[in-house]
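Fit chain L to the supplied structure of chain C, relying on the hints for placement.
If you read the sequences in order, they're chains C and L.
Heads up: the first sequence runs through residues 1 to 441, numbered per my numbering.
Heads up: the second sequence runs through residues 1 to 475, numbered per my numbering.
Check each hint, because a few of them may be wrong.
What the hints assert, rightly or not - Taking lysine to aspartate or glutamate pairs in the EDC-like style, the calculated list, with each CA pair at most 16 Å apart, reads:
1) L:K474 to L:E57
2) C:K213 to L:E31
3) C:K54 to C:E103
4) C:K381 to L:E45
5) C:K20 to C:E8
6) C:K20 to C:E7
Hints in this document: simulated from the structure, not taken from any laboratory.
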Amino acid sequence: MMSITAEEVKSLAPDPASLKAAQELTDVSRWVSLGANEAALWGECKGSVQEPYKVRIDLSNRGFACTCPSRKSPCKHVLGLMLLVSASPARLKETAPPAWVSEWLQKRAGPKSDRAGQAEPETAPSPAREKDAARRAARREKLATAGLETLDLWLQDLIRQGLAFAQSAPASFWEEQCARLVDAQLPGAARLVREMQEIPGISPNWAEILLLKMARLHLLIQAYRKLESLPELSRTDVRTLLGWTLHRKELLLSSPGLNDDWLVVAQTLEEDEKSGLRTQINWLWGKTNRKPAQLLLFAFKTKAFELNLWPGMALHGELVYFPGAYPLRAIFKDQRRLESAFVPAGFPNLLAFLDAYATALSLNPWLEEFPVVLENVTMEKVESNWLLRDDENQAIPVSPRSSCWELFALSGGHPLTVFGLWDGFSFFPMAAWENGRFVRL
Amino acid sequence: MSTLKSLAQSAMLGSTDESLLASAVRVGIAEVGGYVPVAFTGGGERCNPESRPRMPEKASRLLKRMLEGELADLLPEFLQEAAKRGYVAPPETLPGLLGLGRNKWPSLILPLIGERGNWLAAHNPAWAYACKREPLDAWENGTRAERILALEQMRTTDPAQGREWVQSNWEIDSPKDRAAFLATFAIGLSMEDEPFLEACLDDKRQEVREAARRLLLRLEGSRFVQRMWARVKPLVRVRSSFLKKETLEVTLPEELEAAAKRDGMGEFALPKKMGEKAGRLAQMLALTPPALWSRDSGYSPDAWLARALTCEWKEPLLLGWQLAAIGTADADWAESLILLWMTKEEAESLLDMHALSTLVSLLRAERIEAWVTSIEPTLSDTRSTRAIALLEMYQQPWTANLSRWVIKSIQQQATIFHQRLLQALPDFARWMPPELADEFSQGWGDEPGSNKKIGAFLQILEFRNAIKSSLEEKS
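In isolation and in its complexed conformation, chain C is listed as follows (with noise of 0.2 Å):
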């Protein structure tokens, strides 16, 4: 019952406005009667019309009803029972479920009570929920192929119209197309198309930044079309980009964990308005593998996130990463907090990293970020550009939206230990040690 996140909420949800809606519900006093047992989650919750709309969720495969007219599904009242058992699991009593309740769970096992006798596990599927999921995820298919069509339909307008449209064109230009794909339950692509929306002017080659970005959604497109023919992992980039997300409860069941410590070297905070749901961006360095990982955590509004942490801080844990070509994104197996933490172990020199990088891009063309750990560099301002420089004298541009005074005046003319992201254009530097001294920039 505890494993409702609020992640899962935000993927189960049609659109933003009914996270949104859901949220409000979140208060107790806007429910009747609230219950849960091992095998569901239920409520009566207060409506317009003066009997209570009743709410059911089936635990065991995330099955709904709801009573209320709404023609969303999930409406606002699954939703916002999720979100209340999300943030505050201790709310709902365990009890003996009401009538409409059992009834309703036992209608669901329906097909499964027929063969009574043949012992099944109970979270292999019935032949009528495969059917019944297999017809939602056509249909979400079929969505999405539209979705994408239109997409790039869009793409080429842009590329016919002019890149220096995208630098004076209203909002609704790009709103409207994000609002389209979030229609078309592609909410990856929507975010990545509200990327470009900051892109014009944010530098000097910024009309380089924006067609790649958009050549790689391009790419997306293409991918999509032939997802059959792409190699496994790649079909799994492909779909979590575009916005197909992976239930941590089958993550955690199904891959192996990577022992180590664990430094959280980086943390930024995005908060979405219209629905309160906040996003916290952790960024780990193991010791002993060096590689990155990067932990999300969600959170509604001043709700806390379900792992308290911040940069600097280490922990010894297993982490299971989502699967991928170039794996980065993972969720923690177990874990706990270390005492002590310590100056992580990274890159030698610049050539060794745009390597690793290069290497990287070609099992996954789509990464725009790559975290990276380097060890022995300088500042160094040149006129009015910032250089990150190793001790061979190679140097690489720092984004002048960055840190970079601070990281100026930490290095002094010395080498340290920077962490930072790369985009292939320039380093963004988050965190940098001095003399063994972690620094958050």
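What follows is chain L alone, placed relative to chain C:
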């Protein structure tokens, strides 16, 4: 061969090439994947090691929070305390400090930036004020603010040298600059400065003459003070009589001679309007050290003020003495004047109320403690009302006893007096001894957080306590 750049250029104003995106995929991914670093030449300039210790880690964290805007008002206290212990700030805070120092508190920030700060400032023209340079170079070639800063530093270590600097450029500098430079003479002021200051009284510019007078007033041995005293002493005398109470016999000054005009009579602007002759008396009193009155006669400032109140010319007398007490930073006279304001209703109309807080800043903390803790809080009289105003104006460290008395009084919450004290409480937190934070978090009955004023008060006091203990920790 096309590059991502050439493709972007052809797409900039629109392209009908339908394969452009496909080309961009091919070229773009290959290009970023094959990124070649640039060869770095030159640079490699390193900063010298720091000779002073860095502030403790806990203090660094507090500094960062303040630079990010949390309780930023407490920065001056932090900077001062850190500099007192000879610490330098951690390098990553330097850009924030140097940026701040352009507009605020440069003299508090500079002692903390160390070698690294000097080195960093040399790379950013906006931070030129923080570059390491010879004091003489800063004085001769700096901006106005830099020159004043250099001069202030020189006056601290070698006042005579500072005076010579100013004198050597006297003819070239603008009158406004000259007045500002002269003002730095308040640091390290001595009779050695007197001949030059006396000569400044003949300067063509009023602001220069005013600056010189302000300084000469503080030198009791100066010729200026001698002349003023000779002029004003005969005008105010104690008349004793066997039958009546003693009072003051005042003669208002008639026409001013040229010498008096040179000393600033007629030029000195009074903050209150009064008759021409009365105004002259107030001016003369304002430009005479008040200590001379008490010393010459043996009467205390209290005695002088009490007699002045029974006199027809109490208005010029009180105003003149108030301005003189401020001009000479005379704590005895300031205390007597404030006591008068606290106990006599009419003092409000006689004193310059705008300059009251300046007068209050001269008071000694023990005196404030004695006055405030002796009032009867059950009475809602002039004295208790003014005590609160006094506490609000006294923006300097309070004694522990006074702080305890105020907190205890509020915790009893008995009268309107306590209500008013509670309203002013958050501002008091800046001046109480920070180590009392723990003690003061107790005794509020229910949750201290339930009252916003108490919450804000404790937040500030606890933050100050954190500052203090973080700097006392070994680095």
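Under the criterion that the straight-line Cα-Cα distance not exceed 16 Å, is the pair K474 of chain L, E57 of chain L satisfied?
Between K474 of chain L and E57 of chain L the Cα gap is close to 9 Å, so the pair holds against 16 Å.
Is the straight-line distance between the alpha-carbon of K20 of chain C and that of E7 of chain C 16 Å or less?
Judged against 16 Å, a Cα distance of about 14 Å means the pair holds.
Given the hint that K54 of chain C pairs with E103 of chain C, test it: the Cα-Cα distance must not exceed 16 Å.
holds (13 Å)
Given hint E45 of chain L paired with K381 of chain C - CA-CA distance at most 16 Å:
holds (10 Å)
Given the proposed pairing of K213 of chain C with E31 of chain L, does the C-alpha separation stay at or below 16 Å?
holds (13 Å)
Would you check the hint for K20 of chain C and E8 of chain C, treating anything up to 16 Å between C-alpha atoms as holding?
holds (15 Å)
Of the hints listed earlier, there is not a single one the structure fails to meet.
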